[in-house]
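Going down the list, the sequences are from chains H, E and P. Quick note: the first sequence uses full-length UniProt numbering, first residue 1, plus one each step. Quick note: the second sequence uses full-length UniProt numbering, first residue 1, plus one each step. Quick note: the third sequence uses full-length UniProt numbering, first residue 1, plus one each step.
Honestly, the hints are just simulated from the structure, not real lab data. In this text, all values refer to a predicted model and were calculated from it rather than measured experimentally. One thing to keep in mind: the hints can contain errors.
Computed spacing ranges between beta-carbons, pair by pair [claimed, not checked]:
1) V152(H) - G222(E): 56 to 64 Å
2) I278(H) - K147(E): 22 to 30 Å
3) E214(P) - S291(H): 38 to 46 Å
4) L212(P) - D206(H): 51 to 59 Å
5) L212(P) - I41(H): 48 to 56 Å
6) G222(E) - I278(H): 17 to 25 Å
7) F219(P) - K143(E): 51 to 59 Å
8) T73(E) - L34(P): 26 to 34 Å
9) D160(E) - W204(P): 39 to 47 Å
10) I297(E) - D206(H): 28 to 36 Å
11) H73(H) - G42(E): 57 to 65 Å
Heads up, the beta-carbon is just placed ideally off N, CA and C, and yes, glycines get one too.
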Amino acid sequence: MTKKILSVSNINKYFQVKSKTALFRKPASVRVLNDISFELIEGETLSIVGESGCGKTTLGRCLVRGMDASSGHVYYHTENGEQIDFLELKGKKAKPYRRNVQMIFQDPYSSLSPRMSVFDIIAEPLIANFKLSRAEIEQKVMEIAEKTGLNVNYLQRYPHAFSGGQRQRIAIARALIMHPRLIVCDEAVSALDVSIQAQIINLLKDLQEQLQITYIFISHDLSIVQNISDRVAVMHLGKIVELAATESLFGSPKHPYTEALMSAVPQPDPELNKSRIILQGEMPNPANPPSGCHFHPRCAYKTEKCVREAPELRQVGENHYTACHYGEELNLQGVHDETASVI
Amino acid sequence: MTTQAARTEQPLLSVQDLKIRIETDNGVMQAVDGVDFNIYKGKTLGLVGESGCGKSLTSRSIISINPKECETTGSAVYHSESEKALHNLDLLSLPPTGKRIRSIRGRKIAMIFQEPMTAFSPMYTIGNQIMEAILIHRTKDKKKAKKIALEMLAKVGISDQEKRFDQYPHEFSGGMRQRAMISMALSCNPELLIADEPTTALDVTIQAQVLELMRELQKELGMAILLVTHDLGIIAKMCDEVAVMYLGKIVEQAPVKEIFYNPKHPYTKGLLKSMPRLGGNKSKRLDSIEGAVPMPIGLPPMCGFYDRCKDRIEGVCNTKAVPKTHISDQHSVRCFLYEDQSEGESQ
Amino acid sequence: MRTLPVFRRQKPEVFNTAKTKDANYSSQWRLIYLRFKKHKLARASLVILALLYAAAIFAQFIAPYGLQSYDSKYVNAPPMGLKLIDADGKFHFKPFVYGLKSERDPETMRKIFVADTDKRYPIQFFVKGEEYKFLGLIPTSLHLMGVEEPGRIFLLGTDGMGRDMFSRIVLGSQVSLSIPLVGVGISFIIGLFIGGISGYFGGWLDSAIQRLIEIIRSFPTLPLWMALSAAIPPRIPVVTMYLYIVIIFAFIGWTDLARVVRGKFIALKNEDYVIAAKIAGVSDAKIIIKHLLPGFISYLVVATTLAIPGMILAETAMSFLGLGIRSPATSWGVLLQEAQKIENVALYPWKLFPLGIVILTVLTYNFLGDGLRDAADPYKK
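If we strip away everything but chain H, and leave its shape as in the complex, we get (with noise of 0.2 Å):
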């Protein structure tokens, strides 16, 4: 039974830049957010792909309320069916929901107060949220820090006497000590060395089987995104241009710039990085926008359409959604399981 956890409908968001030459005019504005809408089903992986700049840790930040959206729903389902504008609540309020959303951070290191010990940080969301006594606090704290591979020896410890995969591993045991039913995980493990990476994503899966969370993955990383997720949505200048389950947005794309971000990465394969898009040019400025579909001014496949018309994110199969005029023809290249033989 597929239950939603939550559903995100126009999400839009601003941001007010300071104009130097403008003493009285008004601020410009950039939208980093641009009419995102998604669903997310419960105990699934969604991750959100796509460049520096593309606004997904905007989204991200919005979905935890770290940061207020400019318009838009987000619709929290709770575990008996009801459905709460997140976005709406304020205050004392919000606070039942918000224990049930956590997040993880990129950087290990400035997401840990260095001024905590790690027993203080791990507690910091219990104390604000139950009234509870020492002992128990103490206890709860004792097994998410054990479930999450930490040494209960070392809690006492502050931050600073830990390494980059532990700090992580605390800023994880603090996401999940109030037992949150969605974690997002802002490039969560994208500070870290390869062979703590495994480790970090190894546990975020081994939680999440043991828990239910639904986790919705932001990471630039296509490798990591195909190996931990079930959906993919992949954004570009603030929207989400396409958005389909794993097997089917690595296997057949139906964007091109899926495509072209697919075939950029490269492999640890000597044999294998022969044809290559490399797209030409870079990123479009969010502040003036190309016009009709945002990705055109670099997309091989572009024609006058594309110019002229803005492309809606519209379904092509079954759970495939595309933003591209011609997403059913065009025959674009994927990854196929190839290199899995190696080693």
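Since the structure of chain H is already known, use the hints to place chains E and P on it.
Frame of chain H, contents of chains E and P only:
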């Protein structure tokens, strides 16, 4: 074998027994501990490892730009065919702020960094800064220098060079800046390019452009590249030979295909297995290397990877320093598992 | 699920944390302390400052003479050297001073003092002298040192009225060292409050406060002092005068601190760990107390320390111009004002001793501030 033939020629740069010690609050850190490798003309050597393994320090010590606290010993013999003064010259023996190393830096050996923003001064135009390098090393004529600079900008794929020439670094995007840095580095036709994580700060699509550019330019200019990176994907794409570093030591060194298809050291194997790759599938659990890299302070003579190794032999790996074992002519590894398979003499 | 061991049973390591020197268990303040300890200049400065302040606190006890006492026989007397060996080459266990006798300079006919080697006054410790209240409470007449009557001890000479410079410098330090401290203390509180509001609420309130600060800071300080001190009624008691001056300094001084607070507040507000706390549902008040305040308090201490020398100089300057503390109360600025005639520099250079003390104090505060600044962020690599 063609590579076999290459071995008979004299390497452009031969680093032997390079050691770097750094005094810290907690003791003396042996950041680089006996590294040796050769770089040949027109070839690319990849130096790969995780953060803190000493790969950046190693590459920077070649042109003596490490901070003063780094105590460097060993030798880095540079051999340039074209210049008599540069026959068999040990770069590490030169005073680090002296005239001779400065004349080599930038002219014979150029370097590009991870963060192009810091490589350029924000106060001068890009064109000015490229010209400066040319004026120091190649020509005294300003007009000629500008012409070369414009040519270089065109070569690295920057369109509208005349306009770009007069722009400041902040007006360039990250990818453009990296291109400009490459053009500055290559403006004096160096024989060796040291690239320290040249694309780590860039997006994948831009990274692909920059890597492609580096390869084309290498073909065109025939320079050697020392590529420092943590990304095995980039290594696979760019390198002829690979040295895998762990805890200040090269644990395995071999031609690129050997490393990827016939890895020997448990660390190399672990790295390759722990990397998620496109085309893999979701259900597959990644093989991770447990534990974390220890600090290289006051370590006993033993295998640095011992605590994390799945194939460790107690009583052997943790009791003595690991010698280098040559598995084949070009494939060497620092691991006791292969001690008896050695072909050549171990050092 | 298996039950987990209860935390209390595992406490051994936790118990040890207080005693262990392991940096892994060190809190922010301990790390700051460890770093500060390495800064030798700052440590030395701290010792000197401690001595200066101790001298100020026990000023009446240390000074051999009171503020009011003068001796017209000894006008403009030079500093007396403390001696252990007398004119005949004899060694004395107790340090002593010679008496002074006045003579005429045979060329300029100016009155000068020469040591009278016939009169030897050994220094005596804990002697009875003028009456005063110890720490302002206990009436006593005990002084740290003195010489037997009719001898006099002028370690740093006397001024134009025959008052002992050493006593006046020590007594003046009470004002000169405490005004900056109190002034900075008040501006610290105002700055923390207003800067905090500015940084936390942002928006138009922030803009308004920032403009206000800019206006205050764009006032030329000298005319501002003059205007403000003109507003102080003349002939008021010393204590009231003191208060007025502190308020003037605080009025100007808080702007710097408010800016530091606001800047740090905004920077920290967007730190990942603060956002993480917000997402975890921690209340705003708690975020400020637990995350923001500890984050910038160390910077604030630095800014405050570095603001003190400025205030010392300002008090000195104000009193020097005759706008601040006025005689008979004294401060270093007052002493310098009295010494401002050019003849003093040429003939009675010992009257410039207060200048040396001011420089010493300002320097030590600056060194201390430097040391604190280097130690303030122990997490920066």
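Hint check results:
no.	hint	in the structure
1	V152(H) - G222(E): 56 to 64 Å	58 Å, holds
2	I278(H) - K147(E): 22 to 30 Å	29 Å, holds
3	E214(P) - S291(H): 38 to 46 Å	43 Å, holds
4	L212(P) - D206(H): 51 to 59 Å	56 Å, holds
5	L212(P) - I41(H): 48 to 56 Å	53 Å, holds
6	G222(E) - I278(H): 17 to 25 Å	23 Å, holds
7	F219(P) - K143(E): 51 to 59 Å	54 Å, holds
8	T73(E) - L34(P): 26 to 34 Å	31 Å, holds
9	D160(E) - W204(P): 39 to 47 Å	43 Å, holds
10	I297(E) - D206(H): 28 to 36 Å	33 Å, holds
11	H73(H) - G42(E): 57 to 65 Å	60 Å, holds
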